[in-house]
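A.B. asks: Work out the full structure: start from the sequences and follow the hints.
Chain order of the listed sequences is R and D. Under full-length UniProt numbering, the first sequence has 63 at position 63, and the numbering climbs by one with no breaks. Under full-length UniProt numbering, the second sequence has 644 at position 644, and the numbering climbs by one with no breaks.
Note that these hints are calculated values from the structure, not bench results. Values in this document were obtained by computation on a predicted structure and should not be read as measured data. A portion of the hints provided could be inaccurate.
Simulated pairs of lysine to aspartate or glutamate, EDC-like, Cα-Cα distance not exceeding 16 Å [claimed, not checked]: (1) K448(D) - D424(D); (2) K447(R) - E89(D); (3) K448(D) - E441(R); (4) K446(R) - D632(D).
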Amino acid sequence: MTEIRAEEETSTISKTFLIKPKLKSKPRTLPQTPESKYWSSFKSTRVPNLVSSISSLSFSPSPPHPFAAAYSASVSLFSPLSLSDGDVSPSSTISSFSDVVSSLSFRSDGLLLAASDLSGLVQVFDVKTRTPLRRLRSHTRPVRFVKYPVLDKLHLLSGGDDAVVKFWDVAGENVVLDLMGHKDYVRCADCSPVSSDLFVTGSYDHTVKVWDVRVENSTSILEVNHGKPVEDVIYLPSGGLIATAGGNSVKIWDLIGGGKIVHSMESHNKTVTSICVGRTRKENCGDESMEDRILSVGLDGYMKVFDYGNMKVTHSMRFPAPLMSVSFSPDCKTRVIGTSNGIIFAGRRKGKENGESGGRGNVLGFESISEPERRVLRPTYFRYFHRGQSEKPAEGDYLVMRNKIKLAEHDKLLKKFRHKDALVSVLSKNNRENVVAVMEELVTRKKLLKCVSNLDTDELGLLLMFLSKNATMPRYSSLLMGLTKKVIETRAEDIRSSDALKGQIRNLKRSIEEELRIQHSLQEIQGIISPLLRIAGRR
Amino acid sequence: MMMRGGRSLVSSPPAFSNDASKLLVCTSNTVSVFSTATGFQITSLEGHTALVTSVLVVPPSSPAAKVLCYCWTASLDGTIRYWDFSVPELLKTIEIRVPIFSMVIPSFLDVPAEDKGKHEDLFAYVFIKDTKETQDKSKALRRQIRKCNLSKSCLVGRLILGETKKLEVLTVSPSGKFFGICNKFKLHIWKVPDQGSEHAAVRKITLHHTKKITVITFHPTQRIIAAGDVTGRILTWRGFGNRAFAGSNGIENQKLINVQEDKPGVRDNDDADSCSTWHWHSAEVNVLSFSSDGTYLYSGGKEGVLVVWQLDTGKKKFLPRIGSPLLYFIDSPDPTLSSISCADNQIHLLKMPSMGILKTISGIKAPCCYPVKYEGWGNGIAFDQTAGLVALRTENYCIQFYSLFDDRGISEVQVCERNHQPGDDVTVIVTAVALSIDGSLMSTSEVKLAEEGIGGLVCLKFWQARSQNKEFSLSTIVYEPHRDAGISAVTFHPSCNMVVSSSFGGDFKVWRCNSDISQNDQMRQNFSWTCHAVGSYKKKPMTAAVFSADGSVLAVAAETLITLWNPYKNVLLAVLGETLTPIVNLSFIGKSDNVVAASCGSNPQLSVWSMSKLSLSWSYKLRIEAVASALDLSSFAALALLPESSNETPFKGRDGVILLYNATDPVPTAIWSVRKAKGGALGFLQVNPSSVEEISIDGQGKQYGYASIYGELPELDKKRPETPWVPSFPSERPWETIFSGSSHNLPPLTKLCSAFLESLLEKRAAAVE
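C.D. replies: Put into C-alpha cells, the structure is as follows:
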C-alpha cells in the first residue's frame, strides 16, 4: 500500500516539478554563469591505466584529504597535492584482496580504511601502514558496500547480495545487528551526518530503508520506494533529506516529513551510478559562503550538478566513458570521477586558500569564515534616509514622469544671467511680445542699458530694426521710445561709423515722422470734436 | 484692554523638546511652545521680565524619560529659570543679577547619565555683562564668561573664563566636552572640566584666522570644529586641542608635540592637526551645524540657501529659495525633523532627508526698506475688520495676512511673480494694499522702478479670495492705470464692488466690478474690473481718497483741498478747503457728517471738517502718522508722533501717542502712549457687533526700527528689543483689567461683553459731560 502511494506521489509531483531532460549539451551556453565557471575551474587530471572499472572512490576526512580508489582487487591511495603537480602515480596501494573490491570507507579521523570485496569479506586497514587490522567475515554473498558512521568510530555497516545489512563491532570483529528486510541485493548505504544511530540503505528491490540501531526488533523505521533498483543513496548535509539514485533518475526525499518525495531529477539518459554532495560558491557572496549541490554521474558519461535548493541542474559535464563513481573532497578542492574503463578524472581547483590552508592542517573546508561586519545604518544617521535614492528603476516599475517645462532660448539665457545673449536671441526670433517681455525683465534687473552698450554692430542693427518697426506701437511706445532715445544717445559713434546702421536710423526716423503726422491729424480731429461734445453735453 | 503680539520669533535659537513634538521659541519676555505637528502655539512660559536669550531643554537620562518636559531659560533680567513646560510651571529661579546673553549646560550632553543616588551638581556656563561699577575704568572688557552652579544657585567663585568686547554666543559641542566662542579673528575653545571639580582650572586653546569669524560648531563625535567667517568661507579644524587637552599624561604630550611638524593649513602655532577651507557662500555665514552622525555639515547665510556639505568629500546639496537670510539651524531628536529660523521672522520645520518645508511658524514680518522716494506713500497696511487680520507688505513682494487675535501669520499672497533673493536690489515695490470691508476682495498697486528713466511701470491688481483662509487669486491687472503716474491711495466702497484709486497724476478713477457668473458645473464668479469713471480737480495731484460709511459720498484729497463726489454719478458735490500742506490721510468719522484729514510736511495738521457746514470744525498742529475711524461710532483715533523736543519725562522714551477723539469734541477722550510710532498704523476692529477694539501697529518707519525689534543689530540692543506693538497704556481705563492676558486665556467674549460695555458706557457719560 505504501509503495503504491509513493508511486502516485512520485508521478503527481514529478508532473508539477518536471525538469525536462536537456537534450542539447549544456556547456556551450553555460560557461557564462558563475557556477559553471566554478565547476569548470576544476583542472582535470587523468589517472589512466587502472586495469578495470573504478568501483568506489573515497576521500579521507582529514587533511590534506587523500583519496582512495578501488579497482579490480586493489585499493590505491592518491594524494591530491601530488595530482595537481601532475604526478598521477598512487602514493600507496593495498592489494591484499582475494576478489574485486566493491566499496571503501574512511573512518571519521581518517586513520582507518574499511574495504569490502566480492568474496564477502570486510577488512579494516591502517591507512599509514596498509596492514589489515581486522577481518570481518559473516556475509555469505558478495558485500556491496561498507560504511563507517560519521560520528561513530567503533562500528561499521555493511551489506551485500545476501540482502542482509550487518552492523559490526569492529574491535571485537562480531556482528551487533543483522538487519533484515530488503528483498533483493543491498547495494548502497549512508550514515546520518547528525546521528550515530541512523542510517539508510538502498536495494535492488527499489526500496530505500531507514534504520535505527536503537530499535529493538531490527525493522526499518521508514521505507521509500524509488521505483527503480537503487544504485546509490546519500544523506544530504542537513540530515533531514536523502537523495537516491536509481535508473536514470535522482530523487530527493524528505525523511522528517515521513518520506515524502521532494523532487525527482531526471536529466541523465542512462543509469545513474553514483551520487555525492558537492559544494559551490554561493552566488554574489564571495568565496566564503558555500552552497551544497548534488553531483551525480551516470553511464551516459555525464556528470551533473544539481541545485536542490532551486531544483535545477546548474552544470553538466561530459566525459568520454561511462562513469561509475564520484567523490568530492571535504575542502572543496578536489573532485574525482571513476570510469568503467579504469580511468580516474581527478579535478583540482586552485584557490587563494591554497597557500594558506593547503597542507597545514586544521582548517576544515566546511568551516565558513564570517563575513566582514558592515556598518549598519540606523535611523539616527542622516545617510539612513538617503539609502536607495540612486536606485535605477527595475523593468516592471511604473515610472512617474515629471512634467518638464520647456523654456525658450532666451529664458534659459536669462536664468544663466547671460543678459545680452538673451536679448540678442529674442531679437532674432522676431516675436514682439517676447522681446518686450525680455526688455522689461532686464529693466527690473537693471541690466538693459548695460546690454545695449555691450551689443556689437550686427546686434545693434537687429535692435534698431526692431525699434524702427515697433517704437511707435502705442502699446509699447512708453518703453520703446525711451529705449530708442537711450540707444541713439549711447551708441551714436557706432551708428555714425556704420552705413547699415545709418540705414536703420533712417527707417526709424521715417516711422517716427509718420507717427507724428498721425498724432497731428488726430489732434486736429480732437479739436473739431471737443466743442461739439461740450455742446452736446450741455443739452 | 490691551493685547500684545507680533513678537520676534528669531531673537535667539529655538529648542526642540525631547520627543520633537514641541518647539520652544524665545519670544521677547516669554518662551512660546509651538507644536511641530500643527505649527500652532500651545502655551507659553511667562515670568521673565526682559528678553529671554537662551532656552535649553533637559535631555532624557533614559529613553523612558523622553516624555519629561523640563527646560532652563536665561534672560537679560539676570535670572535663570527652570520650567516644566508641559504644565507650564516655573519650578526654580536663580538670581544672577547681571544680564545673561547666552548660556550652555555642557553636562546635559555628556553621555553617562547621572545616577540619581549621588546627585551631581549641574554647571552652566553663562555669558554675562558685568554691570557692577569697577574702579578700573580703562578696562573695557566687561563681557565675561562665568561658570554657574545651577544646583546651588550661584556663580562659581571669581572664576572668569574669558572677556570680550562684544557679545558673542556660546557654542557647546554635542559631546559636552568643549564649548567655545568666536571673538573677532580668533576662536576660543574651553574644555569642560570633569564633574565635581569646582575650581579646577578650565583649559583653553585659541585658533586664529585672518577674517572675522561669525559662527562656530563642533563635530558630534570627532575633534573637529567648523567656523564660518564674514567672507563666506567655512574653515574646518581637525584634531584641535591635541596638545592642550591631551590629559595629564606627560609622555603622551611629549609624543604629540614631536609630531607637530606637518599641520597643513593651520595658522601660527595653533593647536590643531589640519585646517581646510570651503568657500561657497558669497556673504557672511550665519548658520553652521553638523548632522547627528557627523557626516554632513549644514551651512547657511545671507543668501537664504541651506547648503549641505558631505564632510569627507566636500560635495554639496542645496535647499535654495528660502527667501530670507538664515539665522539658526536646529536639529531635533527626531532625525526626520529640523528647523531653520529666518531673518523674516519665520521658523521653517524641515523634513530632513529631502529638506522639504513641512510647516512654517511665521511671526509678523518686517517691512521692506524702500528707496527714499517711495517712502511715506501711505504705510501700506490694511485691516480686515471682521476677521481681525492685518495685511502687511513684506520684502518678498508678498502681502502677509497676520491674525491679530491669534498672533500668528495666516497666509501670504505673492503680489508679483518674481523670485526674491535677499540682498537683491529692490526694483519692484508694492505701494498700496486695500481690503474690502468683508475681506473678500483685495486691491494692490505696485511700481516697477525705471532704469534711468525707461521701463517704469505701475500696476493695479484686483484679487478675490477663494476661501476663508485668505487664498487670493488674481482677477484683474490694470497696467498704468493713471498713465505713468503713481497711485497714492486705493479704497474700497463699503457696500458695493467699487474701488477708487487716486494718483499723483491729477486724477482718480472709479473701478467697478462686472461679475459674470459662469455656470459650468459649479457656481463660479468671475470678476473683471473696469474703469467706471474718471475725475480730476484742477489737475491737482490726488493724494488720498475715502468713502463715507454708507458709500454715498467719496472724498478725494486734491493736495490741500478735499473734494466730495457722488461716486455713482461721478459728480462733484463740494470742495472743502484748504489746509496748509498736502493731505495724506483722509477719513470719514463713522456716522457723523464729519471728515478728518491729516496733512504732513513742514506744517502738519490734524483737521476735522464738517460736511454739513462745509467748514473746518477744529484742528491741531500735530504730526499724524495714521488715522482710523470706526464705521458705526462717532469717534476716531489718530496716531500722533511726538515732537522731538517734548521727549521728556512723562513719556519715557515713547515717541508716539494714540489719541481717541469724539468727532464733535476737540478734547481727546483717551490717550495712550506708544513706542516706535513712526510708520505705525491704526485700525478699528469689530470683535463682535457691539464692542470695538483698537489695535495699532507700530515700530516700522525707519529702516532700523524693525531691525532693532528683532535684535538684528546688536548695537541697538539698548533700545529694548522686545518692543511689542502696544506698550502698556496708562491705567485709567477701567476695562483694561478685564481683558488683560493673552487672547487664548481669555474667557469667551460673550461673557466679557457685558462688563466691557458697562465700563464703556460709564466712560462715555463722563466724556459727554
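A.B. asks: Checking each numbered hint in turn, tell me which of them this model violates, lowest number first.
C.D. replies: As far as the earlier hints go, 2, 4 are violated by this structure, in ascending order.
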